[in-house]
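**Q** One letter stands for each residue in the lines below.
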Amino acid sequence: MDEPTLIRSAQHGDLEAFNRLVLAHQEALYNTALRILNDDDLAADATQEAFLSAFRAISGYRGGSFRAWLLRTVTNACYDELRRRKRRPTTPLLPLDDDDEEVEAPRWLADPSASPEEQMEQAELEHAIQHCLDGLPTDFRAVVVLADIQGLDYSEVAAALRKPIGTVKSRLARARLRLRECLQAFRELLPSAFRLQEEIGS
Amino acid sequence: MTTTSFRDVERLSAYLDGELSQAEQRRLEARLRREMNLAAALDELRAARALLRRTPRRRAPRNFMLTPKMAGLRPPLPRAVPALRLASVVAALLLFFTFAGNLLGPISFGASAPAQVMAPASGYGGGVGGGPAEAATEAADTNIFTETTPTPEANYPPPSAPLAKQTGEPGIFVAEQPTGTPEVFPTAQFAGPPTATPEVLRTEQPVEQATATPDPFRVEQSLPTAIPAIPGEQTAKPPFRLSPLQIGLLALVVFLGGAAMAISWQAKRVFEKNVKRGK
Numbered sequence: 001m002d003e004p005t006l007i008r009s010a011q012h013g014d015l016e017a018f019n020r021l022v023l024a025h026q027e028a029l030y031n032t033a034l035r036i037l038n039d040d041d042l043a044a045d046a047t048q049e050a051f052l053s054a055f056r057a058i059s060g061y062r063g064g065s066f067r068a069w070l071l072r073t074v075t076n077a078c079y080d081e082l083r084r085r086k087r088r089p090t091t092p093l094l095p096l097d098d099d100d101e102e103v104e105a106p107r108w109l110a111d112p113s114a115s116p117e118e119q120m121e122q123a124e125l126e127h128a129i130q131h132c133l134d135g136l137p138t139d140f141r142a143v144v145v146l147a148d149i150q151g152l153d154y155s156e157v158a159a160a161l162r163k164p165i166g167t168v169k170s171r172l173a174r175a176r177l178r179l180r181e182c183l184q185a186f187r188e189l190l191p192s193a194f195r196l197q198e199e200i201g202s
Numbered sequence: 001m002t003t004t005s006f007r008d009v010e011r012l013s014a015y016l017d018g019e020l021s022q023a024e025q026r027r028l029e030a031r032l033r034r035e036m037n038l039a040a041a042l043d044e045l046r047a048a049r050a051l052l053r054r055t056p057r058r059r060a061p062r063n064f065m066l067t068p069k070m071a072g073l074r075p076p077l078p079r080a081v082p083a084l085r086l087a088s089v090v091a092a093l094l095l096f097f098t099f100a101g102n103l104l105g106p107i108s109f110g111a112s113a114p115a116q117v118m119a120p121a122s123g124y125g126g127g128v129g130g131g132p133a134e135a136a137t138e139a140a141d142t143n144i145f146t147e148t149t150p151t152p153e154a155n156y157p158p159p160s161a162p163l164a165k166q167t168g169e170p171g172i173f174v175a176e177q178p179t180g181t182p183e184v185f186p187t188a189q190f191a192g193p194p195t196a197t198p199e200v201l202r203t204e205q206p207v208e209q210a211t212a213t214p215d216p217f218r219v220e221q222s223l224p225t226a227i228p229a230i231p232g233e234q235t236a237k238p239p240f241r242l243s244p245l246q247i248g249l250l251a252l253v254v255f256l257g258g259a260a261m262a263i264s265w266q267a268k269r270v271f272e273k274n275v276k277r278g279k
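Line by line, the protein sequences give chains C and G. Under the working numbering, the residue at position 61 of the first sequence is numbered 61, and the numbers go up by one with no gaps. Under the working numbering, the residue at position 237 of the second sequence is numbered 237, and the numbers go up by one with no gaps.
Hints listed in this document are in silico derivations from the structure and should not be mistaken for laboratory results. Please read all numbers here as calculations on a predicted model, not as lab measurements. Note that the Cβ used here is the ideal one computed from N, Cα and C, for glycine as well. Be careful, since some hints might not be right.
To be verified - Listed next, the stretches of chain G that the computed footprint assigns to chain C, with coverage defined by at least 3 CB atoms under 8 Å from CB atoms of chain C:
#, stretch
1, 36 to 48
2, 61 to 68
3, 80 to 94
To be verified - For each label pair, taking beta carbons as the anchor points, the in silico distance ranges come out as:
#, chain 1, residue 1, chain 2, residue 2, range
4, C, R62, G, V89, 50 to 60 Å
5, G, L93, C, Y61, 35 to 45 Å
6, G, T67, C, N38, 25 to 35 Å
7, G, G101, C, H12, 19 to 29 Å
8, G, A100, C, T5, 49 to 59 Å
9, G, D17, C, D40, 28 to 38 Å
10, G, R33, C, P4, 39 to 49 Å
11, C, P4, G, P78, 24 to 34 Å
12, G, R26, C, N38, 38 to 48 Å
13, G, T67, C, D139, 27 to 37 Å
14, G, R31, C, G64, 26 to 36 Å
15, C, D45, G, R33, 44 to 54 Å
As the list claims (entries may be wrong) - If you want the ones that stay clear, here's a sample from chain C, every Cβ over 10 Å from chain G, calculated:
#, residue
16, I7
17, S65
18, G151
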């Protein structure tokens with residue numbers, strides 16, 4: 001069954017059809033939540049909450065990018081979580097050891113097929129990007145996560161965030177500028193990553 | 001980068017994403033060929049974008065599929081269920097109204113009953129206490145009042161009427177009369193022609209009562225028979241005895257409600273079976 005058919009079935013209350021949509025999009029929603037919240041458990045909660053509210057609201061879906069529509073539910077769930085976090089500050093996102101160094105969790109190692117060196121580098125890159133993302137205001141972070149990490153086009157980002165395309169364009173440019181400056185600090189730590197992107201850029 | 005205006009950075013960023021119009025794109029490309037700063041800024045933005053696009057993707061830590069319970073799903077109700085429920089509610093309302101009708105009857109009767117009972121009591125009190133004329137006028141007033149306000153009780157034959165007939169004495173008849181005053185019409189009907197019209201009866205009654213010497217024995221004798229007669233008739237009715245209509249309505253409520261429950265329960269079972277099979 002194709003996506004529009006599954007959506008139509010889900011709109012008629014077919015949970016099985018909706019769950020097939022969940023399986024197709026859960027990784028995108030979870031990763032978006034993870035990059036915005038930088039917390040595994042909270043990201044999982046936000047993803048679950050987003051799918052729940054998506055199921056309840058799916059009858060109101062009126063075409064357009066379904067992925068963008070779903071990502072809107074997860075960004076809303078993330079904003080809710082960030083508001084809650086602002087009211088109740090929590091413990092550091094990564095556990096610290098006795099020397100106040102961050103303990104690296106094995107979950108950072110995303111790709112089990114990669115060599116240990118590659119896995120280490122991936123983890124370093126992820127850590128660097130997440131660190132820089134955390135330095136951005138939430139609205140900028142959401143734009144850059146949707147556009148550059150999830151690969152949405154401007155109109156999809158605008159639909160997901162309910163902002164005009166002009167705002168998306170401006171925020172994305174500003175976010176990229178700031179991220180570029182931030183990521184430069186990791187240049188020595190991530191030589192191969194920067195070498196690669198320089199090759200891509202040239 | 002610092003020499004590049006934010007407006008240009010915005011254009012460069014949109015250019016990277018292919019979001020510029022053709023005209024804007026041509027203008028920017030012409031500038032990029034001439035302005036080295038602009039070209040350097042574009043490279044930096046492109047590098048940042050490329051790095052971000054390499055952000056490792058995490059696998060979802062678990063499945064986020066919804067269970068029917070999470071989704072708050074309920075089995076789709078067969079169309080008959082709401083109709084059955086509505087019919088059951090209507091039947092229940094009708095049943096309620098029949099009860100309410102039964103309750104309202106005694107209440108309206110009960111409002112006039114004390115006046116009826118009190119009137120003869122005061123009449124007797126006056127008679128015994130030595131004020132018969134005054135008592136007589138009071139009794140007459142009561143008669144007039146009760147005559148103009150017909151009550152449901154008027155349909156019932158007064159229990160005191162046969163007593164009056166049996167004794168055949170005017171004194172007893174007069175003494176009995178106040179107890180039956182609310183039922184002037186029935187008394188007149190059942191007593192028959194000898195008493196002529198109720199008006200005559202009423203005008204005669206005070207005279208009789210005023211002239212006759214009050215006999216406490218007779219009064220005492222007539223009181224116990226007369227006063228409990230009205231409440232006795234009320235309490236004799238069983239309070240929760242159901243009429244055939246009420247029984248029918250009750251059966252309808254139970255049947256319709258039960259049918260609605262049975263159908264929805266069956267639908268729920270089928271739904272749960274389907275959900276399990278779907279999993």
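**Q** Now, for every hint given, state plainly whether the structure supports it.
**A** Verification of the hints:
Counting residues of the stretch 36 to 48 of chain G whose C-beta sits closer than 8 Å to any C-beta of chain C gives 6, which meets the bar of three, so the coverage hint holds. Chain C is given as covering the stretch 61 to 68 of chain G, and this holds because 7 residues of the stretch bring a CB closer than 8 Å to a CB of that chain, at least three being needed. Coverage of a stretch by a chain is defined here by at least three residues with a beta carbon nearer than 8 Å to that chain's beta carbons; for the stretch 80 to 94 of chain G and chain C the count is 0, and the condition is violated. Taking 50 to 60 Å as the suggested C-beta distance range, the pair R62(C) and V89(G) does not conform, at roughly 37 Å.
Take L93(G) and Y61(C): their Cβ atoms lie about 41 Å apart, and the range 35 to 45 Å holds. About 28 Å separates the C-beta atoms of T67(G) and N38(C), a value consistent with the hinted range of 25 to 35 Å. Look at G101(G) against H12(C): about 47 Å separates their beta carbons, and that is not inside 19 to 29 Å. Evaluation of the 49 to 59 Å hint for A100(G) and T5(C) yields a pass: the beta carbon distance comes to about 55 Å.
Against the hinted window of 28 to 38 Å, the Cβ-Cβ separation of D17(G) and D40(C) comes to about 30 Å, which satisfies the hint. In this structure the hint that R33(G) and P4(C) lie 39 to 49 Å apart at CB holds, the actual value being about 45 Å. For the pair P4(C) and P78(G), the supplied restraint of 24 to 34 Å holds, since their beta-carbon distance comes to about 29 Å. With their beta carbons about 41 Å apart, R26(G) and N38(C) fall inside the hinted range of 38 to 48 Å.
Taken as a hint, the range 27 to 37 Å holds for the pair T67(G) and D139(C), whose Cβ atoms sit roughly 34 Å apart. In this structure, R31(G) and G64(C) meet the distance hint of 26 to 36 Å, their C-beta atoms being roughly 35 Å apart. Distance hint check: the CB atoms of D45(C) and R33(G) are about 51 Å apart, consistent with the given range 44 to 54 Å. Non-interface call for I7(C) relative to chain G: holds, since the shortest CB-CB distance, roughly 15 Å, exceeds 10 Å.
Every Cβ of chain G is farther than 10 Å from the Cβ of S65(C); the closest lies at roughly 16 Å, confirming the non-interface assignment. The claim that G151(C) is not at the interface with chain G is violated, since a C-beta of that chain comes within 10 Å of its own (minimum 7 Å).
Comparing the model with each numbered hint stated earlier shows that hints 3, 4, 7, 18 do not hold.
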